[in-house]
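Engineer: Take a look at the letters that make up each chain.
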Amino acid sequence: MSEYLEVGLFLVASALFYAVTMFMASLVSPHAPTAAKQSPYECGEQPVGEAQVRFGPNYYIIALIFVLFDVEAIFLFPWAAALREVGMAGFIEMLVFIGVLLVGLVYAWRKKVLSWI
Amino acid sequence: MSKPLLELLIAGIKFALVLGFVSVNALFLIWLERKVSARIQNRMGPIYVGRPQGWLQTAADALKLLTKEDIIPAGADRLTFVVAPAVLFTSAVLLFVVIPFGPGLIVRDLKLGVAYAAAVSGLAVISLVMAGWGSNNKYSLVGALRSASQMISYEVSLILAMLSVVILAGSLSTVEIVEAQSRIWFIALQPLGFLIYFIALLAELNRAPFDLPEAESELVAGYNTEYSGMRWAIFFLAEYANLFAGSALAVTLFLGGWQGPWLPPVVWFFLKTFLVIVVAMWLRWTLPRVRPDQLTSLGWKLLLPAALVNLGVTGFLVLAG
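Chains A and B supply the protein sequences, listed in that same order.
Under the working numbering, residues 1 to 117 are what the first sequence spells out, in order.
Under the working numbering, residues 1001 to 1321 are what the second sequence spells out, in order.
Simulated from the structure, these hints should not be mistaken for lab results.
Computed from a predicted model, the values in this text were never measured in an experiment.
By construction, the Cβ of each residue, glycine as well, lies at the ideal position given by its N, Cα and C atoms.
You may find that some hints are simply not true.
What the hints assert, rightly or not - Label-pair ranges, simulated between beta-carbon atoms: (1) A:Thr34 / B:Leu1263: 27 to 33 angstroms; (2) B:Asp1293 / A:Glu85: 40 to 46 angstroms; (3) B:Met1044 / A:Pro57: 44 to 50 angstroms.
Claimed, not checked - Derived DMTMM-like pairs: lysine to aspartate or glutamate, alpha-carbon spacing no greater than 20 angstroms straight-line: (4) B:Lys1035 / B:Asp1061; (5) B:Lys1301 / A:Glu72; (6) B:Lys1111 / A:Glu50; (7) B:Lys1301 / A:Glu50; (8) B:Lys1014 / A:Asp70; (9) B:Lys1111 / B:Glu1179; (10) A:Lys37 / B:Asp1070; (11) A:Lys112 / B:Asp1109; (12) A:Lys111 / B:Asp1293; (13) A:Lys37 / B:Asp1293; (14) A:Lys37 / A:Glu50; (15) B:Lys1111 / B:Asp1070; (16) B:Lys1064 / A:Glu3; (17) B:Lys1014 / B:Asp1109; (18) B:Lys1111 / B:Glu1007.
So that you can see chain A by itself, here it is in the shape it has in the complex (with noise of 0.2 angstroms):
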């Protein structure tokens, strides 16, 4: 587990730089709020209602093809590391595996999900 010191110690360690920043620059910083500097940016007109609303589905749709084939990478890391020793037969079953996915994939494509409406 000690090959990830490192990795626990920049995750760790950059969040602190972050907080720490942020302090210090509290401390050079004016603080003056006021109702029109903290409204939204609209350029200029009042902003109506809250930001956080429904939008289109589209983005919704995109993630769920993207979590199929990210799943799919995760699979393809270890088998593209170790493709010599596992040969051709491991290289079809990957081919079975990516052609499963494809067909997904072009079911996606012929119901217009990724041509952006």
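Keeping the supplied structure of chain A fixed, place chain B upon it in accordance with the hints.
Structural biologist: Using the frame of chain A, we list chain B on its own:
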């Protein structure tokens, strides 16, 4: 001093070095970007602060940003708003763990280097969505959603292009991948892989021609519209750290890493990395921004199938030949 403590101390020194490098690198790259943009547009760029070439301009900007007010918009989701820059910055810094600057010049040669790099760079999406959602600003939200959909679309192609290099090297360690290129750089064996990686990298970094998430002419500044002062500076710092890390990974995977004749390895590494960065800056002023529908079809209908075919052909050739 006991051994674990000593190890921790060394790791801390490595962190300080990386932090220093990331900061100086961001100051330099922003200056470089402004200079390159200026040259391409037949302007001078910054010249006054730090003569003759305005090299102190970005340092002065950083100092100014430090003294600027930290504004949190009314109705913002405070926690996500405040934490978002830290997430992006952390993911950028974590990438530097596996970048081999030269023989032995690496924070830690992880066995899973490439997988680690892919995993860590994927964290950036979370930060942008946090920033966009937390800001209570419609521009930020649209910018964040666009960058999320764009980054996850191109991440798959990016990973597949990386994997074809992994097949050639037979290892996930970045150091071993560089060493495997001592005879021939992988760009010669993987020209298509490099092209896919580079295009996907530009999209991952939200850089032109894929800068829809921050399209100034319609979205003000995208996900970071509401950020000011040091919080905004941290976002910028992380973006340029990511630009360097992404280009450095391109060099590591495809351009032979630190390897090259005559000059010291570190010099070669930086020469190649800055070449990739300058090409990315050059493209920004050469290509117009793509439309969202072009972006989606390029990613899913062209790059992804091409990357899959490339991966399959590479695997077959490695096994057959």
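Engineer: Run every hint past the structure and note whether it holds.
Structural biologist: A quick look at each hint next to the structure:
{"no.": "1", "hint": "A:Thr34 / B:Leu1263: 27 to 33 angstroms", "verdict": "violated (56 angstroms)"}
{"no.": "2", "hint": "B:Asp1293 / A:Glu85: 40 to 46 angstroms", "verdict": "holds (43 angstroms)"}
{"no.": "3", "hint": "B:Met1044 / A:Pro57: 44 to 50 angstroms", "verdict": "holds (48 angstroms)"}
{"no.": "4", "hint": "B:Lys1035 / B:Asp1061", "verdict": "holds (15 angstroms)"}
{"no.": "5", "hint": "B:Lys1301 / A:Glu72", "verdict": "holds (17 angstroms)"}
{"no.": "6", "hint": "B:Lys1111 / A:Glu50", "verdict": "violated (47 angstroms)"}
{"no.": "7", "hint": "B:Lys1301 / A:Glu50", "verdict": "violated (36 angstroms)"}
{"no.": "8", "hint": "B:Lys1014 / A:Asp70", "verdict": "violated (32 angstroms)"}
{"no.": "9", "hint": "B:Lys1111 / B:Glu1179", "verdict": "holds (14 angstroms)"}
{"no.": "10", "hint": "A:Lys37 / B:Asp1070", "verdict": "holds (11 angstroms)"}
{"no.": "11", "hint": "A:Lys112 / B:Asp1109", "verdict": "violated (43 angstroms)"}
{"no.": "12", "hint": "A:Lys111 / B:Asp1293", "verdict": "holds (15 angstroms)"}
{"no.": "13", "hint": "A:Lys37 / B:Asp1293", "verdict": "violated (36 angstroms)"}
{"no.": "14", "hint": "A:Lys37 / A:Glu50", "verdict": "holds (17 angstroms)"}
{"no.": "15", "hint": "B:Lys1111 / B:Asp1070", "verdict": "violated (41 angstroms)"}
{"no.": "16", "hint": "B:Lys1064 / A:Glu3", "verdict": "violated (40 angstroms)"}
{"no.": "17", "hint": "B:Lys1014 / B:Asp1109", "verdict": "holds (13 angstroms)"}
{"no.": "18", "hint": "B:Lys1111 / B:Glu1007", "verdict": "holds (19 angstroms)"}
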